[in-house]
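Protein sequence lines correspond, in order, to chains A and B. So for the first sequence, the working numbering puts the first residue at 1; every next one is plus one. So for the second sequence, the working numbering puts the first residue at 1001; every next one is plus one.
Some clues are possibly wrong.
Simulated restraints on C-beta separations [what the hints assert, rightly or not]:
#1 1267/B - 176/A: 53 to 59 Å
#2 152/A - 1421/B: 18 to 24 Å
#3 71/A - 1083/B: 48 to 54 Å
So, partial list: chain B residues that the calculated Cβ filter (under 10 Å) puts toward chain A [as the list claims (entries may be wrong)]:
#4 1121
#5 1184
#6 1187
#7 1317
#8 1320
#9 1322
#10 1348
#11 1446
Where chain B lies over chain A, by a calculated footprint (3+ residues, C-beta under 8 Å) [to be verified]:
#12 118-126
#13 149-156
#14 320-329
It should be emphasised that the hints constitute simulated quantities derived from the structure, not laboratory data. For every residue, glycine included, the Cβ atom is placed at its ideal position computed from N, Cα and C.
Protein chains: 2
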Amino acid sequence: MPASWTSGNQNGVDLHIDPSRRSATDLAAALRAAVRDGRLITGAALPSTRALGADLGIARGTVTAAYSQLAAEGYLVVRHGAPTRVADVQQLPQARLAPATHTSSGPTAGWTFTHNLLPGLPDVSAFPRDAWAASIRRALATAPHDTFGYPDRLGHPALRRALAAYLGRARGVLADPEHVVVGPGFTAMIALWARAVRSYGVTAVTVEDPFLPHLHRAVETAGIDVTGAPVDHDGVQVAAITTRGAVLTPAHQYPLGHTLAPTRRAALARRAAAHDMQILEDDYDGEFRFDRRPVGALQALAPDHITYGGTASKALAPGLRLAWMVVPQRLLPHIRDHAAAAGMPVPVIDQLALADILDTGAYDKQVRRMRGRYRARRDALVEAVAPLGYDPDGIAAGLHLLLPLGAGGEPAAAAAAKRHRLGIDLLGRHSITLPHPDGLLVGFGAPTDHAYPAALDALVAVLRAL
Amino acid sequence: MPASWTSGNQNGVDLHIDPSRRSATDLAAALRAAVRDGRLITGAALPSTRALGADLGIARGTVTAAYSQLAAEGYLVVRHGAPTRVADVQQLPQARLAPATHTSSGPTAGWTFTHNLLPGLPDVSAFPRDAWAASIRRALATAPHDTFGYPDRLGHPALRRALAAYLGRARGVLADPEHVVVGPGFTAMIALWARAVRSYGVTAVTVEDPFLPHLHRAVETAGIDVTGAPVDHDGVQVAAITTRGAVLTPAHQYPLGHTLAPTRRAALARRAAAHDMQILEDDYDGEFRFDRRPVGALQALAPDHITYGGTASKALAPGLRLAWMVVPQRLLPHIRDHAAAAGMPVPVIDQLALADILDTGAYDKQVRRMRGRYRARRDALVEAVAPLGYDPDGIAAGLHLLLPLGAGGEPAAAAAAKRHRLGIDLLGRHSITLPHPDGLLVGFGAPTDHAYPAALDALVAVLRAL
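Take the sequences, apply the hints, and build the full model.
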């Protein structure tokens, strides 16, 4: 590790600075990460602002701004007439020094990893901080005082209106603002939906098999029996759904990646009406379809029976804790009832900021930007594994894909992933009752752009080891 | 209603502008409210910036800034060389035009009111927008990227540290950051606590009788039996608590307003240890004691058995949806378990902003400022009702007091309050099983300073009618 930089370091590779990102915030983030990771150690001298600006092809003032920011945060020590140096970061609050490794209570419990290909995670380095800050600022500047009182339990009217407009336009949802409910993340929303349908009289719910394990528990906690229905290349087998309740991912089955076929969509809508079903459509990544325009929401086929659910976690960031549902009229009193018991937990300012970012079009812009980025990543992943004979299953969409493994491949893959410090998920743990062939679930959302190639290398190394 | 102002209007009374509040934001808020209330109608001409500045004793530039802000929001039409006029507000988004009346699903269900003396509400016009905006800005500028991923289920480490420091200093809580849990409002926290103690083995919980009705349900929803224990001038009768669980308000019993006596505190701590109890200490307004320094948290007497709970709803604003608990070591695994099922619902940026506002001392400053303001309001209330023979019960603290009524007084008071468009609460609906004498619960937190005298007048009119 170099104790100082030279301006001969033309591309900033040592610090993993992506020269396509040129703001002071981005540069500061890259330098902060380097200090936190130990790539820049205490006392290390940084290049002059002029030299680093020239290296990276950015304005000297941008570098100065980044250095000042980091000096204010305590990462750097700036002295007039002397090189800027890395501060003694042991004295910083511990949280700022969290290692750039990850642990998880889910698929990778018990191992620490450097390369993050866990599915379901977006690239949080792409969170549009400036747009969000501007929306927060506008919300704080213009909200009437009474906005800061106890909020409407189902969501602020401005956000419910903005979501209704957006979901109608982007996902074909039949959404009246009165039917929109805002909540803190999809897990909380599914738990609220489960309590509401339980009150409505639904005692058993079918989920797709395989499906996400932690979402069962949220349904079961409401006192509901959960069973699984098989999934094939046309999505869930609708004929196998015999309960009055269901939680489904029709646009992009999780985790297998198929789309529910048109005939099955129609059959499901008929069945829903005939049996007064209540279905939750989990549209967790509906905005990210790469090969064609996404099919519209299932909800529009049976809006009295289907609750549409979505989240800002993929398009913006999970840290925002913002999710929504569009609820059938007949379920709304039950939702209201249980939302009251739970307390309405979404901060009003964040709700107004989301409404603003939707209304101004900045949300669409971010989705378009990320759609291009994720498509490129998926292409790179498919290309990297093709020479090894892997052909991903599922449609070109979302933030993950499935690599089928040979029988018994999962334990070997887990061991290799641990060895290569790769965070990854396994199909096996998504089983409800049915056995499934072994498979690797590979997320391509989580890494930053500059960390992605190394993560792919680690994946290829793991696959080679099998 | 005047269609134009004259600069002879020396004190701005028509617009209820409080001349002690001199920022452009405050003036804009007052004018916005006047437009929303219909006090300023479409086409009404406003005084020149010079004239209004002179009227209110504030700088002309401040008035100009307020006019510009409102023009940007669509409330005003500014034309060079012509008077600034009120815009056609029918064209504004509906949410901005919500009437300045209130309805409630609680004590005043079914009646609309103008004067808000409901208990439990702070003055949201005093929410420190600028300080909060600055804290949000710092959080967005300095947070590492991974902050925006799925957050720690129990709260961001920086906030847990900041809360531990603050609660130790301000409330005498024995708080290790590892034991601090952050959540979206107190109702969600009590629901989480109830599920956790149910897993711990607690099947019955005692609450004070009287107590807040909507908090029972959150406990009962966890499958717990709730019973009441009598309250007298020394607080809850500890000998009457025979369950292993309890939810108590020792610092300021809600709604009666007494403090738990020292001997009872000690007895409760002994009983908690002897019977392995789990108690939730609801310190809902612990920061607002007016006559002396508040007694420290009960939690410090039995930190293995008492969970301390508090909220930012009173000191900052309910709209933030920020609350916290300090949890005993032995309860922590159960809390973690149930928090995982519920999803972690507090946005990370808000958590970092709260940490910042605590660490910078702006939170303390706001508490001191509001403590003085609420004390003055309580004094004014006591003074206003004294000539009618009313002597409030309970200690000088918090945001509400209790006015005992004669037998059968509540229905008459409710009818009179409805007639006088006064939002107020009744003691009767707080009964668990015991009968209680009739009483009026009067909150003095909710109105703005300029609306408070009229609200007191309405209260006096109601009392006179009895």
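### Query
Which hints from the list above does the structure break, by number from lowest to highest?
The structure conflicts with no hint, since it agrees with every one listed earlier.
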